[in-house]
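Enquirer: Spelled out from the first residue to the last, the chains are:
There are 2 protein chains.
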Amino acid sequence: MTLIDGKAIAAQVKREIAAEVSEIVARGGKRPHLAAILVGHDGGSETYVASKVKACEECGFRSTLVRYDVDVTEDELLAKVRELNADADVDGFIVQLPLPKHISEQKVIETIDYRKDVDGFHPINVGRLSIGLPCYVSATPNGIMELLRRYQIETQGKKCVVLGRSNIVGKPMAMLMMQKAYPGDATVTVCHSRSKTLVQECREADIIIAALGQPGFVKADMVKEGAVVIDVGTTRVPDATRKSGFRLSGDVLFDEVAPKCSFITPVPGGVGPMTIVSLMKNTLLAGKKAIYK
Amino acid sequence: MTLIDGKAIAAQVKREIAAEVSEIVARGGKRPHLAAILVGHDGGSETYVASKVKACEECGFRSTLVRYDVDVTEDELLAKVRELNADADVDGFIVQLPLPKHISEQKVIETIDYRKDVDGFHPINVGRLSIGLPCYVSATPNGIMELLRRYQIETQGKKCVVLGRSNIVGKPMAMLMMQKAYPGDATVTVCHSRSKTLVQECREADIIIAALGQPGFVKADMVKEGAVVIDVGTTRVPDATRKSGFRLSGDVLFDEVAPKCSFITPVPGGVGPMTIVSLMKNTLLAGKKAIYK
Numbered sequence: 222m223t224l225i226d227g228k229a230i231a232a233q234v235k236r237e238i239a240a241e242v243s244e245i246v247a248r249g250g251k252r253p254h255l256a257a258i259l260v261g262h263d264g265g266s267e268t269y270v271a272s273k274v275k276a277c278e279e280c281g282f283r284s285t286l287v288r289y290d291v292d293v294t295e296d297e298l299l300a301k302v303r304e305l306n307a308d309a310d311v312d313g314f315i316v317q318l319p320l321p322k323h324i325s326e327q328k329v330i331e332t333i334d335y336r337k338d339v340d341g342f343h344p345i346n347v348g349r350l351s352i353g354l355p356c357y358v359s360a361t362p363n364g365i366m367e368l369l370r371r372y373q374i375e376t377q378g379k380k381c382v383v384l385g386r387s388n389i390v391g392k393p394m395a396m397l398m399m400q401k402a403y404p405g406d407a408t409v410t411v412c413h414s415r416s417k418t419l420v421q422e423c424r425e426a427d428i429i430i431a432a433l434g435q436p437g438f439v440k441a442d443m444v445k446e447g448a449v450v451i452d453v454g455t456t457r458v459p460d461a462t463r464k465s466g467f468r469l470s471g472d473v474l475f476d477e478v479a480p481k482c483s484f485i486t487p488v489p490g491g492v493g494p495m496t497i498v499s500l501m502k503n504t505l506l507a508g509k510k511a512i513y514k
Numbered sequence: 222m223t224l225i226d227g228k229a230i231a232a233q234v235k236r237e238i239a240a241e242v243s244e245i246v247a248r249g250g251k252r253p254h255l256a257a258i259l260v261g262h263d264g265g266s267e268t269y270v271a272s273k274v275k276a277c278e279e280c281g282f283r284s285t286l287v288r289y290d291v292d293v294t295e296d297e298l299l300a301k302v303r304e305l306n307a308d309a310d311v312d313g314f315i316v317q318l319p320l321p322k323h324i325s326e327q328k329v330i331e332t333i334d335y336r337k338d339v340d341g342f343h344p345i346n347v348g349r350l351s352i353g354l355p356c357y358v359s360a361t362p363n364g365i366m367e368l369l370r371r372y373q374i375e376t377q378g379k380k381c382v383v384l385g386r387s388n389i390v391g392k393p394m395a396m397l398m399m400q401k402a403y404p405g406d407a408t409v410t411v412c413h414s415r416s417k418t419l420v421q422e423c424r425e426a427d428i429i430i431a432a433l434g435q436p437g438f439v440k441a442d443m444v445k446e447g448a449v450v451i452d453v454g455t456t457r458v459p460d461a462t463r464k465s466g467f468r469l470s471g472d473v474l475f476d477e478v479a480p481k482c483s484f485i486t487p488v489p490g491g492v493g494p495m496t497i498v499s500l501m502k503n504t505l506l507a508g509k510k511a512i513y514k
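Just so you know, the protein sequences line up as chains A and B, in that order.
This note's numbering applies: residue 222 is where the first sequence begins, and numbers increase by one.
This note's numbering applies: residue 222 is where the second sequence begins, and numbers increase by one.
There may be inaccurate statements among the hints.
A pair counts as met if it fits within one copy or between any two copies, since identical chains are not told apart.
Simulated crosslink set (DSS-like; lysine-lysine; CA at most 30 Å straight-line) [what the hints assert, rightly or not]:
#, residue 1, residue 2
1, K328, K401
2, K322, K510
3, K514, K322
4, K445, K417
5, K401, K417
6, K328, K445
7, K481, K417
8, K445, K464
If you're looking for bench data, these hints aren't it; they were derived computationally from the structure.
Source: prediction; values computed, not measured.
Between the sequences and the hints, there should be enough to build the whole structure, so can you do that?
Expert: Below you can see the structure in the form of structure tokens.
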């Protein structure tokens with residue numbers, strides 16, 4: 222069993238990005254600039270945004286954090302989005318989700334210029350991903366692709382089961398894994414809460430990508446000997462022994478599943494660190510205008 | 222076994238559309254107008270476009286056919302696309318594929334205003350389909366959804382195997398069948414030429430949607446008793462007994478598969494007629510500005 226070290230790969234990718242940024246700047250090129258909009262003070266969102274700002278520093282990017290109170294109006298937020306669309310110095314930006322209920326997330330996403338949509342949530346980027354065209358791939362699926370690539374995990378013709386059909390993980394993950402490319406070219410099955418054959422699908426899977434957000438959902442008897450298991454789950458579970466009062470729990474019952482696997486990601490330290498690194502990769506692409514002019 | 226009568230359903234849908242168009246026009250509304258661009262004289266394309274023009278008449282639409290010789294330049298074609306984008310009288314239009322090799326199909330597709338893209342090929346429509354937002358759904362998958370709906374075929378939680386991963390059938394079909402909606406909410410598996418478990422997947426499937434373009438590929442021993450089989454294949458096979466010199470062959474070995482099925486589509490007369498009707502439905506939506514303003 223090989224433990225996939227997302228933390229180490231993430232650090233490696235950030236070093237590679239930082240080296241490229243140094244070169245770009247040394248040649249007189251522009252330092253990539255990521256902006257982030259954060260609304261309110263949700264604990265999870267604060268943590269994510271802080272990690273993104275820190276990752277920008279490690280990569281040598283410029284970063285800007287725009288904060289709004291939780292009662293910001295949709296119009297104010299959309300006006301800021303349009304301002305960032307028009308700001309030539311900002312290469313890419315994100316609006317940290319979730320947003321307060323009085324603001325339409327979809328409207329915000331569609332207002333972002335797709336050429337600066339480094340989260341890859343705009344319909345144009347989602348559509349291009351499906352078609353197989355260059356685009357900003359959403360961060361978590363992109364991070365998983367990078368792990369498969371770096372660990373040279375075979376995917377062609379393999380049965381890959383994706384648990385969960387969210388717009389930011391399950392669906393784009395499925396689309397990536399079915400493309401004629403490496404990683405990809407797999408037989409892809411998407412399971413969800415309504416799936417009657419979920420357990421059987423998992424038992425037959427060469428690769429399981431679990432993104433249900435249900436702690437410990439994937440058990441040993443659902444996993445084939447030698448399977449690759451990627452755990453996207455990061456549910457906060459109360460834990461009095463931690464200073465924070467919680468710990469992150471994956472969708473996979475790691476201790477009993479791991480011995481059966483050829484490769485498995487831990488939680489934390491697996492997919493999580495790669496998600497932020499994927500955003501950095503998209504920001505670098507945006508800075509270089511590598512996908513859109 | 223119930224034979225799904227695509228021809229009858231298509232006729233029914235066209236009558237419904239025609240009735241709605243009559244009402245719209247009677248109220249002083251605008252008659253929907255579909256334009257089609259046809260390049261060259263490919264036999265298949267000529268037939269399809271002629272059928273589309275005829276369907277427009279049946280639905281009470283205005284239609285315009287724009288023809289180019291096979292040596293039209295990409296620039297000329299793109300100029301016409303932009304002209305149709307700007308023409309307020311044209312509600313929707315299509316460029317019949319395939320195009321000659323010297324013209325980039327993708328460039329043409331992306332030049333079409335997504336609000337007039339009644340083929341549903343533009344990345345914005347593809348992305349919105351994936352996200353689950355209102356959009357122009359590409360014709361063949363949309364026609365299959367209509368058949369499932371009209372025959373009230375259960376899909377929730379069912380195992381649906383899609384054979385083929387093309388951008389115009391396999392991928393959007395898979396996306397539709399996994400959405401939380403009816404028809405849909407299925408466990409979806411996409412198989413293709415590289416799939417090692419294809420036969421097993423089919424044997425376990427409650428619904429098989431075959432879109433490989435390989436005549437007679439799906440045989441009786443690949444189909445579970447009581448399965449729903451939708452045959453998208455329409456390969457032209459030489460046949461000296463026909464006046465045309467060919468007959469259309471589906472991906473399913475109908476005679477041996479049909480007795481095992483709860484529902485099955487024939488070829489011809491199954492999915493084929495629904496494809497053109499779906500284009501008509503999109504044109505009606507475009508005429509009513511029901512999806513985009």
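Enquirer: Would you mind marking each hint as holding or not holding in the structure?
Expert: Evaluated hints:
1. With identical chains, the CA atoms of K328 and K401 are at most 30 Å apart between copies only, with a shortest distance of 21 Å across copies and 32 Å within one.
2. Proximity of K322 to K510 under the C-alpha cut-off of 30 Å is restricted to the inter-copy arrangement: shortest distance 28 Å between copies versus 34 Å within a copy.
3. For the homomeric pair K514 and K322, the shortest alpha-carbon distance between copies (25 Å) is at most 30 Å, but the shortest distance inside one copy (34 Å) is not.
4. Taking CA atoms no more than 30 Å apart as the test, K445 paired with K417 passes in both settings, with 19 Å inside one copy and 16 Å between copies.
5. Taking identical chains as interchangeable, the C-alpha atoms of K401 and K417 lie at most 30 Å apart whether they share a chain (29 Å) or sit on different chains (15 Å).
6. In this assembly of identical chains, K328 and K445 lie within 30 Å of each other by CA distance neither inside one copy nor across copies; the values are 42 Å within and 44 Å between.
7. For the identical chains of this complex, K481 and K417 are neighbours both inside a copy (24 Å) and across copies (22 Å), given an alpha-carbon limit of 30 Å.
8. Within a single copy, K445 and K464 get their C-alpha atoms no closer than 37 Å, and across copies no closer than 55 Å, so neither meets the 30 Å cut-off.
The structure fails hints 6 and 8 (numbered hints given earlier, in ascending order).
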